[in-house]
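Visitor: Sequence:
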Amino acid sequence: MTAHFNNSDVKTTKATGDAAEDVALHYLQAQGLKLLERNYRTPGRGGGEIDLIMREKDGTLLFIEVRQRSSKQHGGAAASISATKQKRIVFAARFYLTRIKPLPPCRFDVVSVEEKVTWLKAAFDTSGY
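FYI, in this note's numbering the residues of the sequence shown are 1242 to 1370.
If you are wondering where the hints come from, they were derived from the structure by calculation, not from laboratory data.
Any given hint might turn out to be false.
Unchecked claim - For lysine-lysine, the following DSS-like pairs were computed, each having C-alpha atoms within a straight-line distance of at most 30 Å: (1) Lys1298 <-> Lys1357; (2) Lys1357 <-> Lys1326; (3) Lys1342 <-> Lys1326; (4) Lys1328 <-> Lys1342; (5) Lys1362 <-> Lys1328; (6) Lys1298 <-> Lys1362; (7) Lys1342 <-> Lys1298; (8) Lys1362 <-> Lys1326; (9) Lys1255 <-> Lys1362; (10) Lys1298 <-> Lys1275; (11) Lys1255 <-> Lys1342; (12) Lys1255 <-> Lys1357; (13) Lys1298 <-> Lys1328; (14) Lys1275 <-> Lys1342; (15) Lys1255 <-> Lys1275; (16) Lys1328 <-> Lys1275; (17) Lys1326 <-> Lys1275; (18) Lys1362 <-> Lys1342; (19) Lys1357 <-> Lys1275; (20) Lys1298 <-> Lys1326; (21) Lys1275 <-> Lys1362; (22) Lys1328 <-> Lys1255; (23) Lys1328 <-> Lys1357.
Said to hold, decoys possible - Between beta-carbon pairs, the in silico distance windows are: (24) Lys1362 <-> Leu1338: 14 to 20 Å; (25) Thr1257 <-> Ser1368: 30 to 36 Å; (26) Pro1343 <-> Lys1255: 32 to 38 Å; (27) Lys1357 <-> Gly1285: 24 to 30 Å; (28) Thr1254 <-> Asp1299: 33 to 39 Å; (29) Thr1367 <-> Arg1286: 18 to 24 Å; (30) Pro1345 <-> Thr1253: 31 to 37 Å.
Keep in mind the model is a prediction, meaning the values are calculated, not measured.
We put the CB at the ideal spot given by N, CA and C, even for glycine.
Whenever a hint applies, use it, and build me the whole structure from the sequences.
Guide: Laid out in structure tokens, this is it:
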């Protein structure tokens, strides 16, 4: 299933990001996922932020980074997630998981919102973090 995104009316970076998150959220909910948190942030400076935390029907917890770019000139939206950004997402996920017992299966996904929505499951490996 593909959804199309038109950002021609969006003016600010924040508005563009919010619009992309809205598109991603609706797309994922249509796939049967349940929203648990949106824009989850760890307390304090230097922490991490997770765009969407969702749960699959089987109980798997998904930490989802939403990326949007108007051009694929530099590798597209998914390619824009640096190792530093991945570390911050993992840090925030670990913090989030401290309040959940027992720990469910977890996965780090990316939703790329460009001309269409692309859902990349298990987009990066966290074993090095």
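Visitor: Are the hints correct? Go through all of them and say.
Guide: So, going through the hints one by one against the coordinates:
As the CA atoms of lysine 1298 and lysine 1357 are separated by approximately 24 Å, the hinted pair is consistent with the 30 Å bound. Distance hint between lysine 1357 and lysine 1326 is fulfilled; the C-alpha atoms sit about 23 Å from each other, no more than 30 Å. Restraint check for lysine 1342 and lysine 1326: satisfied, since their Cα atoms lie roughly 26 Å apart, inside the 30 Å limit. Under the criterion of a C-alpha separation no larger than 30 Å, the hint pairing lysine 1328 with lysine 1342 is consistent with the structure, at around 23 Å.
Pair hint lysine 1362 plus lysine 1328 holds up; C-alpha atoms about 17 Å apart against a cutoff of 30 Å. The hinted pair formed by lysine 1298 and lysine 1362 meets the criterion: a straight-line CA distance of about 15 Å does not exceed 30 Å. Taking the CA atoms of lysine 1342 and lysine 1298, the gap is about 18 Å. The hint holds against a cut of 30 Å. Only pairs whose Cα atoms come within 30 Å are accepted, and lysine 1362 paired with lysine 1326 is accepted, the gap being roughly 17 Å.
Restraint check: the Cα-Cα separation between lysine 1255 and lysine 1362 comes to about 25 Å, which is no more than 30 Å; the hinted pair holds. For the proposed pair lysine 1298 and lysine 1275, the alpha carbon gap of about 8 Å is at most 30 Å, so the pair holds. The suggested pairing of lysine 1255 with lysine 1342 is violated, with an alpha-carbon distance near 34 Å, which exceeds 30 Å. Simply put, lysine 1255 and lysine 1357 have alpha-carbon atoms about 20 Å apart, close enough for the 30 Å limit, and the pair holds.
Between lysine 1298 and lysine 1328 the alpha-carbon distance is near 27 Å, which keeps this suggested pair within the 30 Å criterion. For the hint pairing lysine 1275 with lysine 1342, the CA-to-CA distance comes to about 19 Å; that is within 30 Å, so the pair holds. At roughly 24 Å between alpha-carbon atoms, lysine 1255 and lysine 1275 fall within 30 Å of each other, so this suggested pair holds. Under the criterion of a C-alpha separation no larger than 30 Å, the hint pairing lysine 1328 with lysine 1275 is consistent with the structure, at around 25 Å.
Restraint check for lysine 1326 and lysine 1275: satisfied, since their Cα atoms lie roughly 24 Å apart, inside the 30 Å limit. Taken as a hint, the lysine 1362 and lysine 1342 pair is honoured in the structure, with Cα atoms around 24 Å apart against an allowance of 30 Å. The straight-line distance between the Cα atoms of lysine 1357 and lysine 1275 is roughly 21 Å, inside the 30 Å bound, and the hint therefore holds. Restraint check for lysine 1298 and lysine 1326: satisfied, since their Cα atoms lie roughly 27 Å apart, inside the 30 Å limit.
Our distance criterion of 30 Å between C-alpha atoms is met by lysine 1275 and lysine 1362, whose separation comes to about 16 Å. Proximity of lysine 1328 to lysine 1255 is assessed by CA-CA distance (about 22 Å); at most 30 Å being required, the pair is judged to hold. A hinted pair counts as satisfied when its Cα atoms are at most 30 Å apart, and lysine 1328 with lysine 1357 qualifies at roughly 27 Å. Distance hint check for lysine 1362 and leucine 1338: the Cβ-Cβ separation is about 19 Å, which falls inside the suggested range of 14 to 20 Å.
Between threonine 1257 and serine 1368 the beta carbons are some 32 Å apart, a value that agrees with the proposed interval 30 to 36 Å. One distance hint, 32 to 38 Å for the beta-carbon pair proline 1343 and lysine 1255, holds here, with the actual separation near 37 Å. Separated by about 37 Å at the C-beta atoms, lysine 1357 and glycine 1285 break the suggested range of 24 to 30 Å. The given range of 33 to 39 Å is respected by threonine 1254 and aspartate 1299, whose C-beta atoms sit roughly 35 Å from each other.
At roughly 23 Å, the beta carbons of threonine 1367 and arginine 1286 sit within the given window of 18 to 24 Å. A hinted range of 31 to 37 Å for the beta carbons of proline 1345 and threonine 1253 is consistent with their spacing of about 36 Å.
Violated hints, in rising order: 11 and 27; the structure is consistent with all others.
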